[in-house]
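Student: Here is what each chain is made of, one letter per residue.
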Amino acid sequence: GESVGLHLPTLSVQEGDNSIINCAYSNSASDYFIWYKQESGKGPQFIIDIRSNMDKRQGQRVTVLLNKTVKHLSLQIAATQPGDSAVYFCAEKGGGSYIPTFGRGTSLIVHP
Amino acid sequence: DTGVSQDPRHKITKRGQNVTFRCDPISEHNRLYWYRQTLGQGPEFLTYFQNEAQLEKSRLLSDRFSAERPKGSFSTLEIQRTEQGDSAMYLCASSPGLDYGELFFGEGSRLTVL
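Residue numbers (the working numbering), protein chains in the order written: chain C, 1 to 112; chain F, 1001 to 1114.
Treat each hint with caution, since some may be false.
Stretches of chain C that chain F covers, calculated by requiring three or more beta carbons in the stretch to come under 8 Å of a beta carbon on chain F [stated by the list, open to error]:
| id | stretch |
| --- | --- |
| 1 | 46-54 |
| 2 | 94-108 |
List of simulated lysine to aspartate or glutamate pairs, EDC-like, C-alpha gap at most 16 Å [what the hints assert, rightly or not]:
| id | chain 1 | residue 1 | chain 2 | residue 2 |
| --- | --- | --- | --- | --- |
| 3 | C | Lys37 | F | Glu1107 |
| 4 | F | Lys1057 | F | Glu1044 |
| 5 | C | Lys56 | C | Asp31 |
| 6 | C | Lys42 | F | Glu1107 |
| 7 | F | Lys1057 | F | Glu1068 |
| 8 | C | Lys68 | C | Asp55 |
| 9 | C | Lys42 | F | Asp1007 |
| 10 | C | Lys68 | C | Glu39 |
| 11 | C | Lys71 | C | Asp31 |
Incomplete in silico selection of chain F near chain C, CB under 8 Å [unchecked claim]:
| id | residue |
| --- | --- |
| 12 | Arg1031 |
| 13 | Glu1102 |
| 14 | Glu1107 |
Treat the hints as calculated values from the structure; they're not laboratory data.
All figures in this text were calculated on a predicted structure; none of them were measured in a lab.
From the three backbone atoms N, C-alpha and C, an ideal C-beta is built for every residue, glycine too.
Sequences are here, hints too, so could you generate the full structure?
Tutor: Here is the structure:
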């Protein structure tokens, strides 16, 4: 069936490095993608989103890249900080649906 | 506005008991979602409401699960005859009802079934 998944379950980086978290999706009808950050014991928190008519979107220290040809999404975090340590989820929404579907998540660990 | 509020934050119950979780969405958000999250997994969609109408409930895990949003504001999720496999974090989220836009999540209600 259709699914959203992540390539790496855990990513460890040093403070100040750039981090890249990847996500593969298989629903070609997906038209909207969101990255969430979830800290331990808390609910997911919105980071950045992108619609399928774009291939790149930038925020503060974060960039999302969308490659529709290979159905791949990535989240780049610049100058990673210890406060960025969390689990990151990508979510996708198919055209006409109001229900975001979440992938499994990647745990980002930032070492001081 | 303080965001999405969920109560209780933690619930420990014995197998076979009924539990109810409450969610207060951000005011004027007309969509309200319930998700379940188990350890190491992403949130799993259960059901959602547009105002007081429950528009999708086929993903509720069994007929022991039910949700209501009687006045289009707060919502409740009830689990009857709880089982150990129901132990999870139950997340509520709301959104203003646009075609595109993020969900605003609460802190979740953690259920432990003994």
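Student: Against this structure, judge whether each hint is valid.
Tutor: Hints, verified against the model:
1. Check result for the stretch 46-54 of chain C against chain F: holds, 3 residues qualifying (beta carbon to beta carbon below 8 Å, three or more required).
2. Here the stretch 94-108 of chain C counts 8 residues with a CB under 8 Å from a CB of chain F, which clears the bar of 3, and the coverage holds.
3. Our distance criterion of 16 Å between C-alpha atoms is met by Lys37(C) and Glu1107(F), whose separation comes to about 13 Å.
4. Between Lys1057(F) and Glu1044(F), the direct Cα distance comes to roughly 13 Å. Compliance with the 16 Å bound is thereby established for this hinted pair.
5. In summary, the hint linking Lys56(C) to Asp31(C) is supported, as the alpha carbons are separated by about 14 Å, within the 16 Å threshold.
6. Between Lys42(C) and Glu1107(F), the direct Cα distance comes to roughly 5 Å. Compliance with the 16 Å bound is thereby established for this hinted pair.
7. Of the pairs offered as hints, the one joining Lys1057(F) and Glu1068(F) holds, with about 11 Å between alpha carbons and a cut-off of 16 Å not exceeded.
8. Under the criterion of a C-alpha separation no larger than 16 Å, the hint pairing Lys68(C) with Asp55(C) is consistent with the structure, at around 8 Å.
9. Of the supplied pair hints, the one linking Lys42(C) and Asp1007(F) holds, its CA atoms being roughly 14 Å apart against a limit of 16 Å.
10. Straight-line distance between C-alpha atoms of Lys68(C) and Glu39(C) comes to about 29 Å, which puts the hinted pair past the 16 Å bound.
11. Our distance criterion of 16 Å between C-alpha atoms is met by Lys71(C) and Asp31(C), whose separation comes to about 11 Å.
12. A cut of 8 Å between beta carbons decides the hint on Arg1031(F): the least distance to chain C is about 7 Å, and the hint holds.
13. With a cut of 8 Å, the hint placing Glu1102(F) at the interface with chain C holds, because the nearest CB-to-CB distance is about 4 Å.
14. Annotation: Glu1107(F) was flagged as interfacial toward chain C, and the flag holds, the nearest CB pair being 5 Å apart, inside 8 Å.
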